[in-house]
Amino acid sequence: MTDLLLDVQGLETRFKTREGYVHAVNGVSLQVHERETLGIVGESGCGKSVTMMSLLRLIPSPPGEVFAGKAFYRNNDLLKISDDELRRMRGADLSMIFQDPMTSFNPVLTIGAQVTEPLVIHHNISKVDAFERAVEMLILVGIPNARERMNSYPHQFSGGMRQRVMIAMALICSPKLLIADEPTTALDVTIQAQIIDLTKRLQDEMGMAMIWITHDLGIIAGLADRVLVMYAGFVVEEAAVDELYENPQHPYTIGLLGSLPRVDDDNRRRLASIEGLPPVLMEKPHFCPFLNRCPYAVKHCRRENPSLLQVGPGHRAACWVDPNTRNERA
Amino acid sequence: MNQPVLLHVEDLVVHFPILRGILQRQVGAVHAVDGVTFDIHQGETLGLVGESGCGKSTTGQAIIQLQRPTSGKVIFEGSDLVKMDGEPLRQTRRRMQMIFQDPYSSLNPRMTVRQLVGEPMAIYNTLQGKERDERIEYLLTMVGLDRGFAKRYPHEFSGGQRQRIGIARALALEPSLVVCDEPISALDVSIQAQVVNLLEDLQKKLGLTYLMIAHDLSMVRHISDRVAVMYLGVLVELADRKILYNSPLHPYTQALLSAVPIPDPKAERRRQRIILQGDVPSPINPPSGCRFRTRCPLAAQVCVEIVPEFVEKSPGHFVACHMA
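From first to last, the protein sequence lines stand for chains A and B. Residue 220 in numbering that gives the first Met the number 0 sits at position 221 of the first sequence, with consecutive numbering throughout. Residue 66 in numbering that gives the first Met the number 0 sits at position 67 of the second sequence, with consecutive numbering throughout.
It is worth saying that the hints were derived from the structure and are not from the lab. Be careful, since some hints might not be right.
What the hints assert, rightly or not - Label pairs and their calculated CB-CB ranges: (1) B/Gly20 to A/Asp263: 50 to 58 Å; (2) A/Thr1 to B/Asn284: 27 to 35 Å; (3) A/Asn144 to B/Arg24: 53 to 61 Å; (4) B/Thr125 to A/Ser151: 50 to 58 Å; (5) A/Asn74 to B/Arg269: 38 to 46 Å; (6) A/Asn266 to B/Thr125: 39 to 47 Å; (7) B/Gly277 to A/Asn266: 34 to 42 Å; (8) B/Arg93 to A/Asp263: 38 to 46 Å.
As the list claims (entries may be wrong) - Calculated cross-link-like contacts (lysine-lysine; reagent style DSBU-like; alpha-carbon spacing at most 35 Å): (9) A/Lys15 to A/Lys175; (10) A/Lys79 to A/Lys69; (11) B/Lys82 to B/Lys203; (12) B/Lys150 to A/Lys283; (13) A/Lys15 to B/Lys150; (14) B/Lys265 to B/Lys72; (15) B/Lys82 to B/Lys265; (16) A/Lys298 to A/Lys15; (17) B/Lys150 to B/Lys203; (18) B/Lys312 to B/Lys203; (19) B/Lys82 to A/Lys199; (20) A/Lys199 to B/Lys265; (21) B/Lys204 to A/Lys175; (22) B/Lys72 to B/Lys82; (23) B/Lys150 to B/Lys129.
Just so you know, even glycine gets a beta-carbon here, dropped at the ideal spot from N, CA and C.
Could you put the whole structure together from the sequences, leaning on the hints where they help?
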């Protein structure tokens, strides 16, 4: 195992609303090693994006509040360092790409101005040099006529091209860790394949680690080394990618995998569905958050919220149900 | 496929005019659908797949006459809808209904569930008073909702429940054909399977025929009997589900299928992806000859010059490609 790059412990984020606090992230711990890809899967509202925004201190406050936890990037606690120190790291050591490439750009600035911006801020570099470096970067991500396109505005690019520009902007300072928040969700599947292919190639070339957030278990299967499954603000399962898909332990993970049809599968069996809806957590539950949707729930699930426990080598799950009884009932 | 043909679409064309200047003269057209031909048999599910902007939703709307076609034929239960208008069209059209993609914008927020599900019956004046209320409750139960929900408003429901309300509304007039336009793509993963299972159950129970418009190729494989692939306004391939997915002939279908991620790490590592270069060209000025040639790894001179015909390569397997 290579060196630990990011170590998050017990992160908690909540949002103040008129009805009280909504607990969006509830004690999330995660580690990312150098050059590793960590996948985070979960449905909308499960707290996967809020976790990442909390790390980079991008949560608007109020109403948001990161009220517990540590987030060490190497030896700096991202939640404690000064704004100035954090600003020096964001974009240089840690970079993020977002889901919607249209709203993440400034519509009145040229692509060139936006792609060179991180260089100008983080490295004391002349405008001419920054321009040349940006052109190189745009060529690297596959923008045709890169030099001319530096003067174009975001709306003059297609969705796939905008996402390429966003990747160029995120990687121009050679970060050690790239956080990708559903970067292909708004794109068509052939364009998605282009972007994933590109990101993987650049990751190898630049030797960076990556956190890839998505709701698509298919993308994660081809991309991640390790996977976290999130539900209602909790990490409910964590495992190496092969282990998770072959031997899922949490009923939510089992349900998700069972509900997906496969493009390489002729079997028209009925899809397993997870009945019910995810909860809105107005208080931290003292029971399992998956309780009301779980087909295997036992009495103890009502009394205590399970914590993540070791169930195999490098495999942890938060579930009270004995795997043997679960297999019998499956 | 021994069942009779329920819907016959022939050479369907939908162009949207581009108007410019003070005189609003037409300077061009968006070729959204450019000559599409297919049949749907009674009781089957035809999947229509393609990427955004390929014209699949416009095709669905043109079939139901929400968008009047520029030319072509849409023969449904024996009558050509393109030639009809007024009352005869209205009466024929009640036998075809649509389920929309976005359950948040397709339900009027000021109407109760009772009004929403009862509205088609009010418009067509089928059932009144107590009979209508009973039918509404029956429909709600059928789509898996509590009959007590009739008094509530759409904002009180989750996305999956709203989609169920939309389905109940579509079934109110006992249609034979239901056009489903991306019925699950706005829903969360764990909810998608619920709605797909419901659609399958309803098809069995009521003998419905579906045109399933979607971009999720895994789900289309699961739910369809036959699948048609669309690219930039034209059909490029049409075949039985198994044949299309196991031995696709068109290079676009091959690339599309290879790009779909599989939720299985081992299968993912074994796969050879065909990564297409570039973006889909503009439908205002589609490429000459074969529309896919600008991104096709096999393109040759003939593809620039001649439009490939949509021919039946083997029984029931149609493809439009010079190289196939």
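Tested hints:
no. : hint                             : result
1   : B/Gly20 to A/Asp263: 50 to 58 Å  : 52 Å, holds
2   : A/Thr1 to B/Asn284: 27 to 35 Å   : 51 Å, violated
3   : A/Asn144 to B/Arg24: 53 to 61 Å  : 32 Å, violated
4   : B/Thr125 to A/Ser151: 50 to 58 Å : 56 Å, holds
5   : A/Asn74 to B/Arg269: 38 to 46 Å  : 41 Å, holds
6   : A/Asn266 to B/Thr125: 39 to 47 Å : 40 Å, holds
7   : B/Gly277 to A/Asn266: 34 to 42 Å : 35 Å, holds
8   : B/Arg93 to A/Asp263: 38 to 46 Å  : 40 Å, holds
9   : A/Lys15 to A/Lys175              : 33 Å, holds
10  : A/Lys79 to A/Lys69               : 8 Å, holds
11  : B/Lys82 to B/Lys203              : 32 Å, holds
12  : B/Lys150 to A/Lys283             : 32 Å, holds
13  : A/Lys15 to B/Lys150              : 31 Å, holds
14  : B/Lys265 to B/Lys72              : 47 Å, violated
15  : B/Lys82 to B/Lys265              : 54 Å, violated
16  : A/Lys298 to A/Lys15              : 32 Å, holds
17  : B/Lys150 to B/Lys203             : 29 Å, holds
18  : B/Lys312 to B/Lys203             : 31 Å, holds
19  : B/Lys82 to A/Lys199              : 53 Å, violated
20  : A/Lys199 to B/Lys265             : 17 Å, holds
21  : B/Lys204 to A/Lys175             : 56 Å, violated
22  : B/Lys72 to B/Lys82               : 8 Å, holds
23  : B/Lys150 to B/Lys129             : 15 Å, holds
The structure fails to meet hints 2, 3, 14, 15, 19 and 21 from the earlier list, while all remaining hints are met.
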